[in-house]
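Enquirer: As a plain string of letters, each chain reads:
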Amino acid sequence: MITFAFYLFAVLITGLFLVTVMSKNVLYAMTSLAAGMVLISGLFFILGADFLGVVQLIVYVGAVMAVYAFAMMFFDLSRDVEERHDKPWLIFLLGGGIALTLVVMFAAPIMGEAVHALYPPVAGATNPQAVGLVLFTKYLLPFEVASVMLLVAMIAGIILAGKKMEISLSAMDEDILPDTKENA
Amino acid sequence: MENYVYIALFAPLAGSLFAALFSQRPKALVTGVVTSTLLFISFVASVILLNHVHHEGAVHVTLMDWISAGDMSIPFGFNIDQVTAVMMTVVTLVSTVVHVYSNGYMDHDKSFNRFFSYLSAFVFSMMVLVMSDNFLGLFIGWEGVGVCSWLLIGFWYHKADVTRDVNPSISPSWAANEAFIMNRIADLGMLVGIFLIYWNIGSLQYADVFAAVPSMNHGMLVTIGIFLFIGAMGKSAQFPLHTWLADAMEGPTPVSALIHAATMVTAGVYLVIRANPLYSAIPEVSYFIAVLGTFVAIFAASMALVNRDLKRIIAYSTLSQLGYMFAAAGLGAYWVALFHLAAHAFFKALLFLGAGNVMHAMDDELDIFKMGGLKKAMRWTYLYMGLASLALAGIWPLAGFFSKDTILEAAFNEHTYGIWLVLWFTAGLTAFYSFRQVFLTFAGDERYKPLGFHPHEVQKYVLWALSPLAILAVIFGWFKEPFMEFVTQFLPAYEMSEHTEHNVVILTVVTTAIALGGIIFAWMRYYKGLKRDEKVEQSLPYRILLNQYYIPILYERVFSKPYAALSKVFWEDVDQQVVDATVDGIASVIQESGDSSRKIQTGNLSDYLKLMSGGALVLVALVLFAAMQN
Amino acid sequence: MNDILSVLIFFPLIAGILGLVVTEKSIRAYGISVAAVEFILSLWMWFAFDPANAGMQFVKRIAVVPDFGISYYVGVDGISLFIVIMATLMTLIGIIALNIKKDLKNMILTLLFLEVAMVGVFVSLDAIIFYLFWEFSLVPMLYIIGAWGGEKRLYAAVKFFLYTFAGSLIMLVGMLYVAYVYQQTTGSWSFALTDWYSLVLIVPVQKWLFWAFFLGFAIKVPMFPFHTWLPYAHGQAPTVGSVILAAVLLKMGTYGFVRFSLPMFPDASVMYITPVAILALIMIVYTAMVAYAQKDMKQVIAYSSVSHMGVIMLGIFAMNAEGISGSVFFMLSHGIVSGALFLLVGVIYDRRHTKLMSEFGGLASVMPNYALIFGVMLMASVGLPLTMGFVGEYLSLAGFFKISPVMTAIGGTSIIFGAVYMLSLYKRSFFGPVTHEANKALKDLDAKELTALIPLVAIVIWLGVYPKPILQPIDNSVKALVSFMHEKAQTPEAKNTIVVSKRTKEAQ
Amino acid sequence: MITLNHYLILSGLLFAIGLVGVVRRKNLLMLFFATEIMLNAANLAFAATSSYYHDLTGQMFAFFIIAVAASEVAVGLGLLILLYKKYGSINLDDFTIMKG
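Line by line, the protein sequences are chains B, H, L and S.
Here this note's numbering is used: the first residue of the first sequence is 1, the next is one more, and so on.
Here this note's numbering is used: the first residue of the second sequence is 1, the next is one more, and so on.
Here this note's numbering is used: the first residue of the third sequence is 1, the next is one more, and so on.
Here this note's numbering is used: the first residue of the fourth sequence is 1, the next is one more, and so on.
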C-alpha cells in the first residue's frame, strides 16, 4: 500500500514539477507547483512527519503560493511568457548529468549504518509533541532567530513592494513612463 | 710597561681625534703642534719599550675581548717583541718627523687640520698593525692603513679627472680608489689565509699559530703561506698589484714619505718577517717570494730610469727597494730584511721630504726636466737629498750600503746567483736613476728660469726636523751588529757560510763598483745640464718604460673597462631584460588570462546559473568519484 | 616584566589608533614621543634580558583557538632581541628624519602600525601569529610606497606587494602542512614553534617543506633571482620607506631561515647548502656588478643591500656558530648601515630633488659634515674593521669557509666589489670639482638630520670596536640552536656538517 | 519495500528538475518557482533521512528551510516588484548592466 502510494506520488510530483519548469504559461506553472507541493506533504505524512506535512501545507501551499499569486498580478503575465533559449541541449545535459550522478550516488546502498540519532523522538509522544520538545529546547535559539528573520522579511517585503505605491504605472501615459526600454 | 704600550698606541689616536674636532675650521696651528707632540710622546714610549724589550724581553698585554663567536675568540691583544719594538720605533720616529715637517709643508692648505687628523689616524692604524698579537688584529691595522691611505691620497679630492696623457694618475680621487681597491684584492687573499689558519689551527694568536706550524700538513702550510703573501703583495705593491703605488703620489708629499715609502708599504715585508716560522717551513714559497722580490726590484728600477716626475721616480725606487726586502726575507735572512726596512724608511722618507721641499719651491711642479741648478737656492735640501741618494745607492759608509750589501751577500750565500746578479745589476740602476734625478734637479743649467719660477728654501724648523732622518741615513748602518744581535733574539739568526765570508770583500767591492759606476754615468750625462736625445726618447724601449710597460693601460682595458661593460650588460640586459622581464611576464600572463576570461562575465544571470550548475555537476561528480574509490 | 613583549607589540597599535585624533600640527611630536617610548621600552627589555640564558625569555602564551592549537605565543631569545631593538630604533630615527610635507599624519600613523608588525614578526613563536604579522607588515609598506613614492610608485608598490605575498602564500601552505603532520604524529593541533621544533620530520618531507619555506623567505631576503622587486621598491619609496624596508623588512627573510628552516629541517638545510650558496654567490657578485652600473645613488645602495644579504645567507648556511652568529650580527649592522645610507641619500634628495650621481660631484667641499658621515657609513658598508660592518661580514665568511673554501673565496669578493661600487659612488658624488651651479649653495646637514644620523654613527663605531654586548647573547642562542640542530639531524651527512662548537661540548 | 534510497533518488530527481528550471527560465518569477522546487527536494531528503534514522534533526532542518523559503519569497518578490517598477520587465535577458 505504502509502496503504491510512494510511486504514485513520485510520478505525480515529477510530472507536475516538470510542467512547472517547462510550461510557458505562468498560471499553469504555478498551479502545478502548488499541486506538487500538496503531494510532497503527502509524502511527509507517509514518512510520519505529520507536523512537517501540515506546515508544508499551510506555509507553502497556503502562504507562499498566495504571495506568488498576488505577485503575479503585478506583472502582466496573462499571456504566455516569451523566453529566449540559446542552447536548450546544454540545459538538459547539465540537469540530466546532475540527476544521473545523484541517482547513481543514492542508488548505491546508503552508508553510515553506525549513525547515532542525536535527538531521537521521545517515546510515546506523537510527532507534533516530539517535534515541539526538540524545537523548544535544543533549537530554541535558532527558532527565535528564525522568527526574527521572518519579521525582518515581512517588513522588508512591505517596504520594498510598497515603495511609491501612490504612483500607478497602469494609469500613466506611455511616454512619461520611467525609462524602461532604454535601460533594459 | 703596560702603560707605555697604551701610550705608544693611543697617543696618535688622541691626536687624530683632537685634530678631527677642528676639521672644519680654518687652519689652527694648535692641531699641528698637538699631533706632533703626541707623536713624539708615542715615539718616546716606543723607545722606552725598545729598551725594555732589549733588556727584559717581550711585553704582552690584552686590552679587551673583541670578537667572540663560536670557538673563535679574538682579543685586542698587543705583543711587543723585538721586531715590533723596532717597527714601532721606526714608525713613530718617521711619523714625528713627517708631522713636524707637515706643519711647514701644509702651511697654506685650507684643510690643514683635516690633514693632521688623517695623518695621526694613519699612525694609529700602523701601530695596531705592528703591535697586534694576532692575525685579525693585524688585519685591523692592515685595513686601517688602507683607509687612511685612501683618505690621504685623495686629500686634494677637489681636483678633476684628467686624461692619462696629462697626468698618468688621472686625479687624486681616482688614484685613491685605485689604491684602495687593489689593496682590497690582496686583502681578500689575506682573509682567506686567516680563515685557513682559523679552521686548521683553531686560533689566530701568533703564539698558537706558530707553535702549531711544525705539526702541520705541508700542503696546508704552503696554501696558507701563499694566501698570506697575496695580502702582503697588495700592501707592499708587488707585481702585479704594483700600479697603485706610483699613482698614490697624487697625495701630499709628506704622505708619500710616511705611507708610501717608510711605513705602510713595508707592512707586507713585516708580515713575512712576522710569519717567519711559517715561511721557514715552506722553502718553495719563500723562494718564490725571493724571486718575485728580485723581479720587482729590477722591474721598478727600470721604470725609474726614464721617468721625469720627481715623486714617481722615488716611488719606483721604493718599489724596487721593497723588492730587495722581499728578496732578503724570501731567502730566509729575515733580520736583514728588517734592517733594510728600517734603513730604507729613514733615507727614503728623507728623500721624499726633500722632494717635497723642491715641489714647494717650484710651485708643485714635478717635472725634473723643468728644474736644474736648484742647488744655489736650496743648499740644505740639496745636501739632504744628496745624502739620501747616496744612502739609497749604497755608498759606504751610509745606511744603504750596509743593508743592501748584506742582502746581496745573503743572495750569494744561498747560491742563488741569478738573484744575486739581478740585484747587483739593480744596485747600479738604483745609483743611476737616483743621481739622474738629483743632478737634473739641483745641478746644471737653470731651466726653470724661463718658466718663471722663483725657488726658495723652506722654513728653518722644517730643515731641522729633517736632521734626525739625515743623521740616521748616515749612521744607521754602523749599528748593524747591535741591531742583528737585538732582533735575532726573536728572529732566526742568519749565518753566512765560510765560502761567503771568504768572498765578502770581493762582493763589497763589486757592489760598490757598480753603484759608483751608476753615479758616474749619471754625472757624465746630467751634471752639466739636460741634453735631450730625441732619438732615444722616441725609441720603443724608452716609451715602454715611460708608460710603465703599458700595464696601467692594460689593466684598464682588461679589467676596468670590461668590468664596467659587463656590469652594464648585467644591469640593462640581464637584470631588466631577463630576470625582471620574467617576473613581469608571469604577471602579464595572469593579467591577460583574466582579460580574456572577462568575456564570461556577460552580465546575464542565466549564463552565470549555467556556469554554476556546470560547476555543481563537476563537484557532484567528484564526490561520486571519490565515493567509488573507497 | 613578562608582559613586556605584549606591551611592545600593542603600545604602538594603541598609540596609532589614538593618534587619529591628534592634530596635524602636533603629530610630529606625538610620533616621536611614541616611537621614543617604544624604543626605551625595548631597551628596558634588553636590560632585563638574561644574556646567559640561551632560550626564549619573556614568554607569554595565551590560547586563542585551542581546538586548532593556535595561540598568542611570544618570546625573545638572543637572535631576535636585537632585531626588535633595531626595528624600534630605526622607526624612531625614521620618524625623526621624516621630511615630507604631504599627509604627515598619515605617514606617522602608518609607521606606527608598521612598527607593530615588525616587532610582532620577530617575537612571535606561533606560526599563525608570525604569519599574521608577516603579512600585515606588507600593508603599511604598500601604503607608504604607493602614497608617497616617486613617479612609478604604483607599479613599484603593487610589485612589492604581490611578489612578496605570492611567496608567503607558499610558505603558509608549508606551515599548514607542518601543522598537519604534527597533528598526525601527536594527535593534537599546534602551531607553536617550540612544539614544531620537537617534531622529527622524515627527510623527503623536509625537502619539500624546505623549499616551501624557502620561497617565502627568499623573496623577502631577496635572493637572486627573486630580487627585482627591491630596486623598484627602493627607487620609488620615500626615504623613510627605504630605511625601514632595508633595515628591518629584509631581515624578516633571513630571520625566517634562522627561526624556521634551520631548526625544523636540519637535514634538508644541509642537503641544500650548495644550491642556496650558489644563489647567494650570484647575489653577491652579480648584484655588486649591477650596483656598479647604476646611475642613481639610491639604486646603488639598493643593489648593495642585495649583495650584502648574499653574505648573510652564506653565513646562515654555514651550519656552525661562527657563521650563524656572524650573519645575525650582520643583519643588525646591515640594518643600521643601509638605513643610514638611505637616510643620507634622502638628505641630498630633499635638497636637489634628484638622486643621479651625474648631477653631483664635489659635494665634499660643499657639505663636509655630510661627506664625513657618508664616508663613515660607506666604510662600514664595505666592511672596514672597527666598524660594525666588519664583524658580521668576517664571521659570516669565516663560518662558511668551513663548508667550502672556494665558495667563500668567491663570496669574499664582496669586499672587493663592494669597495668598487661604493667608492665609485663616493668619487662621482663627493669628489672632484663642484660642476653644477645648483650644488654650490647646498646647505650642510641641519640639526634634525644630525639628530637622526649621529646615533647611527655612534652605534656603528661602538659595535665595531666592542661588539661583545650584542654578539654574546646572539652567540649563546646560536650555539644552542646549532647543538639542537646537530642532535635533531638524522642523516650522517648533516651530523657531520653541523658543527657544534667546542665550548658548547665542554659545557655539556 | 520503500527504502531511504528511494526517497533520496526522488529527491535527487526533483532537485535536478528544479535545477533545469533555474537554468532554463528567463522570467524571474518562473525562476523563483524553480527554486521552490529545489528547496522542496531538499526538504524531502531531510524528512526521509529523519524518518529512517529516527532522528528529529532532519525535520528541524526542514522547518528552518521552510522558514527561510518564506522569508526569501517575501523579500524576493518585493525586490522583483521594485525591479519591474523601475525597468518594466522581469526578463533576465534585459538585465546585463553588470557585463564585464
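Don't read these hints as lab results, they were simulated from the structure.
A couple of the hints might just be wrong.
List of simulated lysine-lysine pairs, PhoX-like, C-alpha gap at most 25 Å [claimed, not checked]:
no., chain 1, residue 1, chain 2, residue 2
1, L, K295, H, K159
2, S, K26, B, K24
3, L, K295, L, K443
4, H, K599, S, K26
5, L, K295, H, K27
6, H, K599, H, K568
7, H, K110, L, K488
8, L, K427, L, K443
9, S, K85, H, K568
10, L, K25, H, K568
11, B, K87, S, K85
12, H, K480, H, K375
13, L, K440, H, K159
14, H, K561, L, K295
15, L, K440, L, K468
16, H, K568, S, K26
17, L, K152, L, K25
Enquirer: Compare the structure with each hint and give your call.
Expert: Each hint, compared with the structure:
no. : hint            : verdict
1   : L:K295 x H:K159 : 22 Å, holds
2   : S:K26 x B:K24   : 11 Å, holds
3   : L:K295 x L:K443 : 23 Å, holds
4   : H:K599 x S:K26  : 20 Å, holds
5   : L:K295 x H:K27  : 36 Å, violated
6   : H:K599 x H:K568 : 43 Å, violated
7   : H:K110 x L:K488 : 65 Å, violated
8   : L:K427 x L:K443 : 20 Å, holds
9   : S:K85 x H:K568  : 68 Å, violated
10  : L:K25 x H:K568  : 47 Å, violated
11  : B:K87 x S:K85   : 30 Å, violated
12  : H:K480 x H:K375 : 33 Å, violated
13  : L:K440 x H:K159 : 16 Å, holds
14  : H:K561 x L:K295 : 16 Å, holds
15  : L:K440 x L:K468 : 44 Å, violated
16  : H:K568 x S:K26  : 63 Å, violated
17  : L:K152 x L:K25  : 30 Å, violated
Hints 5, 6, 7, 9, 10, 11, 12, 15, 16, 17 from the list above are not met by this structure, while the remaining hints are.
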